[in-house]
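Protein chains: 2
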Amino acid sequence: SCLTMGRAMGLVGGLLGLVVIPAVLVSTSLRHGAPRTEAEPEPSGWELAADAVPEDSLWPLPQWVRTYPRQLQLAPSRFQLVHGAGSSAGPGCGLLQDAFRRYYEYMFGHSRRRMWSRRPLAARAEPELFQLQVVIEAGDPGCDRHPHLTSSEAYHLTVTEPVAILKASEVWGALRGLETFSQLVHEDDYGSFLVNESEINDFPRFAHRGVLLDTSRHYLPLKSILTNLDAMAFNKFNVLHWHIVDDQSFPYQSIYFPELSDKGAYSSNLIYTPTDVRLVIEYARLRGIRVIPEFDTPGHTQSWGKGQKDLLTPCYNGGQPTGSFGPVNPVWNTTYDFMTKFFKEISGVFPDEFIHLGGDEVDFTCWKSNPEVKEFMKKQGFGIDYAKLESYYVQNILDIVSSYNKGQMVWQEVFDHKAQLKPDTVVQVWMANNYTPELSRVTGAGFTAVLSAPWYLDYISYGQDWKKYYSVEPLNFPGSEEQKKLLIGGEACLWGEFVDATNLTPRLWPRASAVGERLWSSSNVTNLQDAYKRLTNHRCRML
Amino acid sequence: SCLTMGRAMGLVGGLLGLVVIPAVLVSTSLRHGAPRTEAEPEPSGWELAADAVPEDSLWPLPQWVRTYPRQLQLAPSRFQLVHGAGSSAGPGCGLLQDAFRRYYEYMFGHSRRRMWSRRPLAARAEPELFQLQVVIEAGDPGCDRHPHLTSSEAYHLTVTEPVAILKASEVWGALRGLETFSQLVHEDDYGSFLVNESEINDFPRFAHRGVLLDTSRHYLPLKSILTNLDAMAFNKFNVLHWHIVDDQSFPYQSIYFPELSDKGAYSSNLIYTPTDVRLVIEYARLRGIRVIPEFDTPGHTQSWGKGQKDLLTPCYNGGQPTGSFGPVNPVWNTTYDFMTKFFKEISGVFPDEFIHLGGDEVDFTCWKSNPEVKEFMKKQGFGIDYAKLESYYVQNILDIVSSYNKGQMVWQEVFDHKAQLKPDTVVQVWMANNYTPELSRVTGAGFTAVLSAPWYLDYISYGQDWKKYYSVEPLNFPGSEEQKKLLIGGEACLWGEFVDATNLTPRLWPRASAVGERLWSSSNVTNLQDAYKRLTNHRCRML
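Protein sequences appear in the order of chains A and B.
The numbers in full-length UniProt numbering rise by one with no breaks, and the one at position 522 of the first sequence is 522.
The numbers in full-length UniProt numbering rise by one with no breaks, and the one at position 274 of the second sequence is 274.
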C-alpha cells in the first residue's frame, strides 16, 4: 500500500494491484546496464510506478540482468535458503545462516499473520521454486573474516524451476546476491509470492561505497546505527565511515583513557562502550559492511581536551594564555606519547585495515598565538607556513598508525598541505568547489581517492535532490586510465549538526540510495525516469 | 536525556542535571513579553540549554509571567487536577475530564515505572502542591461546543501552596492554561516533580493560529493527523486547515457522492470515512482546535473528475476534445447542482463556521480552448478576461455555501480577481512575493486576512530556518489600526508533495512551533537566543 499512497499527476493506470507484475507485460528482457528509453511524465515525490516489470524493483541495478516471462511460485512454508552442493560454506557458517534467516524474514515475514502455511497453492498454475541454493566457490568462504577493500562481492544468480542457484566466490558476494534475490520476489494481489525466471551476473563498479555517520554533533543511539546498517545493506553499501568523535562530544569509551568519554561525552550514558562498538562492528560484518572509525586530529578535537590534559594547544593573547585551547599541540612529546597509546588501542578495537585520521579544517589561529609553537616553527625552519606544522604533526600520526599495520584515510587537506603520505593512503575529497581538479591531483600523485564532495546529504533542499546525487559521474575528471583506477569509490556523508535519532532515517533514506546505485551499477545506468520507478519500489520495500 | 544529546560548542556548564532548576538561580522574575537581553554564543541545531529558570521551558511564552524562587513539590500519587469551587464545569464536562487525564499523563506518566507511589517525599524540604483547581467562569462552560473564531482562550494561573488555581472564562482557556501548567512542572535529578510558585496571565495575540496539512498529494494515516493535533495543542495552535483533496487524490468519502473517493482516491482503503472525519473533529475539539476543511475549486480538481462525470471542463485542440480536462466547468448548470448538494453535505459534516473554498492557481488554458466556455464568455460580456469567469464561478459557490450559514475562507486570488465577497470572508494571503502590500489591499478593502506567505514549511533548507519563521512580524504591513485588526492570524502550511507519514513529524515540528509562538505571544517577544533556549526545552518535552 506504500506504493499507492502517493502519486503524481499524469500517471495513468489502475489504482489497485500496482505491485503485480502481470505476465502479459513481461517479455524476455535483457539489460546490460542499458536503461530503457521510453518517455514518461516526470512525477514528483516518491510516487507510484506503473507497468511493473521484474527489473522495476531492483536497486541498485545489477550489471547484467535477463528476465523471462515464466513465473515461479514460492510457498513460504516450504521454501528454503540452503547451502548448495560443492559450497565451501555449510551450516557452520554463522554469517550465511544469519543471512538466510534475515532474508527469509524480509521476503515472507510481513505476511506471516495470514497463516499462509494453511493455504494451498492450488489456485495458481505456476510451477514452484523450492530452494535458493547458495554456493561459495573459494576454498575459504570467509565466514569468520571481516570484509575488506579487495573482498569479492561478485555473484551469479540463476532462477529456474525447481531451484535457484546463487554462486559467489566469497560470502560477501553471496550477501549481495541474497539482497538481489529478495528484490526479485514479489507478492501478487492474492498474497502469492512469485519470482520470474531470471539470470543475473553482478559485481560492484567501485570497491568503496560508504555512508558517513556523525555521532559527535548529536549522539545516535545504537539502534539508529544498526537500522542504518540494515538500510546500507539494502543498497549494497559496504563501508560505515564512523565519524565517532569531534569538537562537540567524545562518545567513544576508551579502554586506556576512559576520562576522554567520562569528561568529553555529553553525559556518562551517551557513550559507546567497548561492547557497543563490538556490536556495531559485528552487525556490520554480518551484512558485508566494513566499519572505518575516524578519529579526526589535530583540529575538531575540543572534546578531547576535557579528559586529557596537556593535549590541546593553549591559546594566547597579549602574551598571556586565554584559557581557551586550539588544535592538538604538535610540539610536545607528550602528545605523541598519548597518540601512540591511543591509536594502539584503536588499531586493536577496530578490525578494518583502515583508520580515518581526519586532518580537515585545521584553524591555525591558536597555534600562531602560542609562543612555544612559534619557537618550534623557527627551530624547524617552517617560517610562517603553518601548513608545514600541520603536515609535521600528521606525518607523526601517520607513522604511528602505520607501525600498527593499518592503512590510512585522510581528508583532502592532508594531501593539499603536502604531507608525505604512504603510497596506500586513501585521500577523501570533500570540498564541493572544484572537486574534479582535486581528483586529478590526488590520483595524479598516485594516491587512491574516495569522493564525497557532491554527496553531503546533510545539506537538504526542497524537492527531488536525489537526482542531483544520482547524476554525478565520479570518473568525470581529467586523468589517465591509471588515474581513474585510483578512484576507488565514494561516500554519502550525513553530518550531524541537524541530525539525531528523530530524523536520521527519513533524512538519509532513500536519498543515499541514489549514491548507492551510482557506486554499484554500470556507468551507463543514468536514466532518471527508470531510476525513479525502481527507487520508488525500492523505497516501499525498505519501509 | 534529550537535553543532553546534542550541544553546541562554546556552551559551558555541567553535563548532568541540566533539566534541574537550582533554586539559587531563580530569583523573582517578571516578564511582560520582555525578552532577556544577555548575550550568549549562538548554538546550532537543537542543543543544550543551560542556566535554566522556570520560564526557560514555556512555549509559546505567555503574555505575563511572574515566577518566585519558592518551589513546591508534587506527589504523583496524591496530586489532582480537579474542578474548583464556583466553576460552571463539573465532572459532567467530558472535555475537561479528558484534559485532566491527558495532562496528568504528560506530567507524570513517563516516570510511572519508577513506582513513585512507594517513595516518601521526606527527602525534600519543599512544601507540597496538592491540586490544580480549574474554574470556568462563564455560565456556559462550553464543554460540548466546538471552538470558534471568537472563543475565549484567555486564562489566569496562580501556583501557590497548597493549591494552584486556573481560571478561565471558557473551557478553551482552561485547555491553554493546563498546557502552560504542565510546562511549569519539571523533574529534578532525583525524580522529584517540582513547580515554582508563579502567576501567569495569558491570552493569544491572534485568534486564528493554524496548521495546514495536505492529505491529497500523499495520504496521511489517521494516526499521523492525530499525532499532529497533539503537537498543535502543545503549541497552542487552534486551527487545523485540512487541505483534504486536490488534483492527485480525493480521499474524502462523501455520503452523497461515494464515487468521488471510490474512483478518485489512491485506493479504496486510503480514504477518510465519515467515522474517520468525526474522529479527527472530536480529537481536535477536545484540544480546542477547529477543523476547517478545504475543498478547493475550480482548479486543483483533477481527482474530482474521476468519480463525477461532466464536472470538469473538456479541453479542446484544433476544434476537437483532447480527452483531457481542465478546472471545474463554470458554464453548466449541472456543476452548480452538484456543488449545491456537495457543499450541503460538507456544511453538515464539518461543524466549524468556516469552510475553505480554495480558488487558487486556476489555469485558464483549458477554459480558453473550450468552445462552450468561449460562447459563455461572449454572452456574459466578459471579453477575454477569464479572471471574470473565475469570479463568476466562485461567486456562485460563495452564494451556495452562504445559504448554509457558513463563513468562507478563500486563497488570495479570489480577492485579487475581484469576486464579490461577503464581508466576513477570510482571505488567506499565501504568495511569498510582496505579501505586505497584499495584506494592505485585503484589509484596506475591509476583509479579514490570514497570513501564510512566510510560513510554507514544506520549503525546507539547511540549518535553523525556524529563525526565519520566527522573525516575521505579521502586522508589519502598511495600514491603519483598523486594518491591523483585520489580520486575525496565520497558518504554517506543510504541503504534501514530499511529505507522508514517514517524515511528517520531524519535518513539521518543532519548526512550526516558531509560528505558534509568533501568533500567540506578545509582539515584543522576538529575542532569538531566548527563544532558542525555550524551544530546545520545549522540543525535548514534546519528544
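It should be emphasised that the hints constitute simulated quantities derived from the structure, not laboratory data.
This structure is a prediction, so every number in the text was calculated from the model and none was measured.
Cβ coordinates follow ideal geometry from the N, Cα and C atoms, glycine included.
It is possible that some hints are incorrect.
A few chain A positions that, by computed beta-carbon distances, are all more than 12 Å from chain B [claimed, not checked]: (1) 91; (2) 106; (3) 267; (4) 275; (5) 321; (6) 379; (7) 424; (8) 461; (9) 498; (10) 507; (11) 539.
Heads up, incomplete: computed chain B residues facing chain A, CB under 7 Å, no partners named [what the hints assert, rightly or not]: (12) 324; (13) 462; (14) 506.
To see whether the hints hold, each was checked on the structure:
Every Cβ of chain B is farther than 12 Å from the Cβ of residue 91/A; the closest lies at roughly 38 Å, confirming the non-interface assignment. Chain B leaves residue 106/A outside its interface by the beta-carbon criterion, the shortest separation being 18 Å against a cut-off of 12 Å. A cut-off of 12 Å between C-beta atoms contradicts the statement that residue 267/A is not in contact with chain B; the least separation is 4 Å. Non-interface status of residue 275/A relative to chain B is upheld: no Cβ of that chain comes within 12 Å, the nearest being about 19 Å off.
Residue 321/A, annotated as away from the interface, keeps every beta carbon of chain B farther than 12 Å; the closest lies near 17 Å. Its beta-carbon lying about 32 Å from the closest one in chain B, residue 379/A satisfies the requirement of being farther than 12 Å from that chain. Listed as a non-interface residue, residue 424/A keeps its Cβ farther than 12 Å from every Cβ of chain B; the least gap is roughly 34 Å. Non-interface status of residue 461/A relative to chain B is broken: a Cβ of that chain comes within 12 Å, the nearest being about 6 Å off.
Against chain B, the non-interface label of residue 498/A is violated: not every CB pair exceeds 12 Å, the least being about 5 Å. At roughly 8 Å, the least C-beta separation between residue 507/A and chain B is not larger than 12 Å, which violates its mark as non-interface. A beta-carbon of chain B comes within 12 Å of the beta-carbon of residue 539/A; the shortest separation is about 9 Å. At its closest, the beta carbon of residue 324/B sits 10 Å from a beta carbon of chain A; the interface hint therefore is violated under the 7 Å criterion.
Annotation: interface hint on residue 462/B holds; nearest CB of chain A at approximately 5 Å, less than 7 Å. For the restraint placing residue 506/B at the interface with chain A, the shortest Cβ-Cβ distance is roughly 4 Å, inside the 7 Å limit, so the hint holds.
In summary, the numbered hints that this structure violates are 3, 8, 9, 10, 11 and 12.
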